[in-house]
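One line per chain: the protein sequences are A and B, in this order. Everything in the first sequence is counted per our numbering, starting at 3 for the first residue and increasing by one. Everything in the second sequence is counted per our numbering, starting at 5 for the first residue and increasing by one.
No lab work stands behind these hints, which were simulated from the structure alone. None of these values were measured; they are calculated from a predicted model. Heads up, the beta-carbon is just placed ideally off N, CA and C, and yes, glycines get one too. Some hints here could point you the wrong way.
Below 35 Å or equal to it, Euclidean Cα-Cα: the simulated DSBU-like pairs (lysine-lysine) are [to be verified]:
1) Lys14/B - Lys41/A
2) Lys24/B - Lys90/A
3) Lys107/B - Lys14/B
4) Lys14/B - Lys90/A
5) Lys94/B - Lys41/A
6) Lys35/A - Lys105/B
7) Lys12/A - Lys13/B
8) Lys41/A - Lys107/B
9) Lys158/B - Lys90/A
10) Lys105/B - Lys12/A
11) Lys158/B - Lys14/B
12) Lys160/B - Lys41/A
13) Lys14/B - Lys12/A
14) Lys13/B - Lys35/A
15) Lys24/B - Lys40/A
16) Lys12/A - Lys158/B
17) Lys94/B - Lys90/A
18) Lys94/B - Lys35/A
Partner residues aside, some chain A positions facing chain B, computed with beta carbon under 10 Å [as the list claims (entries may be wrong)]:
19) Ser43
20) Asn54
21) Glu59
22) Ile84
23) Ile88
So you can see what is in the structure, the chains are spelled out below.
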Amino acid sequence: MLPFNFAILKLFLSVEEADADQVMTQLTDEYHKSRQFKKSSVIEALMTAEANGLLEETRFDLDAEEQLHVYYRATAEGRTMIETYIGK
Amino acid sequence: MSSQLAREKKTQLARSFFVKGISVATLSGMMYGLYSAFITYAMGEGVWSGWYAENTVLTMFVVVYVLGVLGSGINDTISAVWAIGIAAVKGKLMDFFRCFKTKPGLVMIICAVVGGPIASAAYIISLQMAGSIIIPITALCPALGALLGRILFKQKLNGRMIIGILVCLTATLMIGWSSLQEGAQEGALLGCIIALVAALGWAVEGCVAGFGTTVIDYEIGITIRQVTSGVVNLVIFLPIVCIIGGNILLAPELTFAAFTSGPSMIFFVVSGFFALFAYSLWYKGNSMCGTALGMACNGAYSFWGPFFCWLVLGVFFGQSGWALEPIAWVAAIVMFLGILLIAVNPLDWFKKKNTDATEEAV
Numbered sequence: 003m004l005p006f007n008f009a010i011l012k013l014f015l016s017v018e019e020a021d022a023d024q025v026m027t028q029l030t031d032e033y034h035k036s037r038q039f040k041k042s043s044v045i046e047a048l049m050t051a052e053a054n055g056l057l058e059e060t061r062f063d064l065d066a067e068e069q070l071h072v073y074y075r076a077t078a079e080g081r082t083m084i085e086t087y088i089g090k
Numbered sequence: 005m006s007s008q009l010a011r012e013k014k015t016q017l018a019r020s021f022f023v024k025g026i027s028v029a030t031l032s033g034m035m036y037g038l039y040s041a042f043i044t045y046a047m048g049e050g051v052w053s054g055w056y057a058e059n060t061v062l063t064m065f066v067v068v069y070v071l072g073v074l075g076s077g078i079n080d081t082i083s084a085v086w087a088i089g090i091a092a093v094k095g096k097l098m099d100f101f102r103c104f105k106t107k108p109g110l111v112m113i114i115c116a117v118v119g120g121p122i123a124s125a126a127y128i129i130s131l132q133m134a135g136s137i138i139i140p141i142t143a144l145c146p147a148l149g150a151l152l153g154r155i156l157f158k159q160k161l162n163g164r165m166i167i168g169i170l171v172c173l174t175a176t177l178m179i180g181w182s183s184l185q186e187g188a189q190e191g192a193l194l195g196c197i198i199a200l201v202a203a204l205g206w207a208v209e210g211c212v213a214g215f216g217t218t219v220i221d222y223e224i225g226i227t228i229r230q231v232t233s234g235v236v237n238l239v240i241f242l243p244i245v246c247i248i249g250g251n252i253l254l255a256p257e258l259t260f261a262a263f264t265s266g267p268s269m270i271f272f273v274v275s276g277f278f279a280l281f282a283y284s285l286w287y288k289g290n291s292m293c294g295t296a297l298g299m300a301c302n303g304a305y306s307f308w309g310p311f312f313c314w315l316v317l318g319v320f321f322g323q324s325g326w327a328l329e330p331i332a333w334v335a336a337i338v339m340f341l342g343i344l345l346i347a348v349n350p351l352d353w354f355k356k357k358n359t360d361a362t363e364e365a366v
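Whole structure, please, built from the sequences with the hints as guidance.
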């Protein structure tokens with residue numbers, strides 16, 4: 003089992019794009035019991051990764067309940083870094 | 005309408021992330037000030053008061069170098085205990101063990117050794133060799149960090165940000181000005197070179213470990229940092245310094261005496277607590293708003309250090325000699341302006357004002 007932050011970033015090697023909710027859904031089985039498994043933690047991890055060039059924003063929209071969804075994908079450099087430091 | 009609302013919400017999210025980053029980085033500087041005040045007090049209580057007394061049985065070498073390393077090692081070890089406890093409460097302890105044996109974990113360990121024992125030792129040695137003339141050299145650390153961030157991680161660093169960093173550097177010099185006037189002492193040149201090692205060490209730590217917390221959770225990162233720094237200081241570095249001082253047995257003897265000295269340990273518990281947040285928020289701030297801005301906000305410790313020493317040691321504990329000179333307050337304002345210059349482009353404010361005025365006219 004990977005550390006939670008590692009798992010969040012590694013997920014972007016296998017998906018075109020994802021927002022915080024999709025990340026949560028993908029990681030539910032493995033991490034739902036962890037106290038770190040919170041949407042706010044995921045959003046902060048994604049925004050930090052974006053601020054450091056590992057991820058980039060692809061689009062954003064509102065759902066029926068007017069909740070904001072921001073979608074990200076791995077940058078070329080981010081992909082290399084995730085593969086090098088976390089694994090393929 | 006929907007896309008307008010989405011844009012507004014997105015802007016709000018980005019703004020709150022930016023403000024949180026700056027707040028976290030600024031808070032790290034304040035925590036550093038509190039940690040400095042309490043470790044200074046701890047190293048004057050219990051057995052330490054006898055060790056630092058005029059009629060001490062210890063040699064000058066031991067007083068200057070060995071006690072410095074011991075104090076730093078005890079503080080970081082206590083801080084590591086705090087970090088492990090907090091990680092456990094937040095359910096991150098297993099991730100700490102998992103991260104330890106990974107590549108990012110190894111990078112964190114290297115950063116901890118470079119920024120912990122190596123940079124701290126270089127700082128203590130340079131201070132002893134060259135005196136306070138080294139302060140402006142170690143104050144270069146945010147500028148070096150920003151430069152490294154640009155080179156290693158292609159982080160943003162433009163002319164405006166460089167001017168902002170220079171303004172912060174000027175503010176730090178203003179605070180250290182009175183001690184600078186004491187002039188250079190013998191061995192100053194070598195001392196200055198060693199001080200540059202300290203500045204580089206902290207710059208590397210702030211830049212690389214800050215970026216590292218993009219991959220590793222910052223609370224796990226700081227646990228790795230404090231455990232590494234505490235162990236390396238007490239188990240490796242302290243014996244080496246004692247061997248240089250001519251008596252390796254001093255290492256266990258002084259360590260035992262210090263750990264069993266209740267009156268000082270109480271305050272090490274407090275200083276270790278603040279050190280934990282000083283470093284963890286430093287890493288987090290750097291990862292959230294980039295090394296240049298993060299380290300500039302944290303660099304305000306050159307004001308918060310004397311400020312909290314005055315408040316805690318002077319006002320609260322009634323010790324003399326901690327009064328804050330008026331120039332420090334002026335320097336704090338200058339530093340705030342420098343940080344503001346790094347964070348935002350003043351021209352954008354004017355542009356926004358003009359746009360608002362035009363919209364109102366329409």
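Now for the hints, and whether the structure bears them out:
1. Lys14/B - Lys41/A: Cα-Cα ~16 Å, so holds.
2. Lys24/B - Lys90/A: Roughly 32 Å between the alpha carbons, so the hint for Lys24/B and Lys90/A holds.
3. Lys107/B - Lys14/B: 34 Å, holds
4. Lys14/B - Lys90/A: 31 Å, holds
5. Lys94/B - Lys41/A: Roughly 15 Å separates the two Cα atoms, so the pair holds.
6. Lys35/A - Lys105/B: Given pair Lys35/A, Lys105/B holds - Cα atoms ~23 Å apart, limit 35 Å.
7. Lys12/A - Lys13/B: 27 Å, holds
8. Lys41/A - Lys107/B: 26 Å, holds
9. Lys158/B - Lys90/A: The given pair, whose Cα atoms are some 24 Å apart, holds under the 35 Å limit.
10. Lys105/B - Lys12/A: 17 Å, holds
11. Lys158/B - Lys14/B: The given pair, whose Cα atoms are some 25 Å apart, holds under the 35 Å limit.
12. Lys160/B - Lys41/A: Roughly 28 Å between the alpha carbons, so the hint for Lys160/B and Lys41/A holds.
13. Lys14/B - Lys12/A: 25 Å, holds
14. Lys13/B - Lys35/A: At roughly 30 Å apart (the allowed maximum being 35 Å), Lys35/A and Lys13/B satisfy the hint.
15. Lys24/B - Lys40/A: Within the cut-off at roughly 18 Å; holds.
16. Lys12/A - Lys158/B: 22 Å, holds
17. Lys94/B - Lys90/A: It holds: about 28 Å lies between the C-alpha atoms, which stays within 35 Å.
18. Lys94/B - Lys35/A: 12 Å, holds
19. Ser43: Constraint on Ser43/A satisfied, holds at 8 Å.
20. Asn54: Since chain B brings a Cβ to about 4 Å from Asn54/A, closer than 10 Å, the hint holds.
21. Glu59: Since chain B brings a Cβ to about 9 Å from Glu59/A, closer than 10 Å, the hint holds.
22. Ile84: The hint holds - Ile84/A has a Cβ within 10 Å of chain B, the shortest such distance being about 8 Å.
23. Ile88: 7 Å, holds
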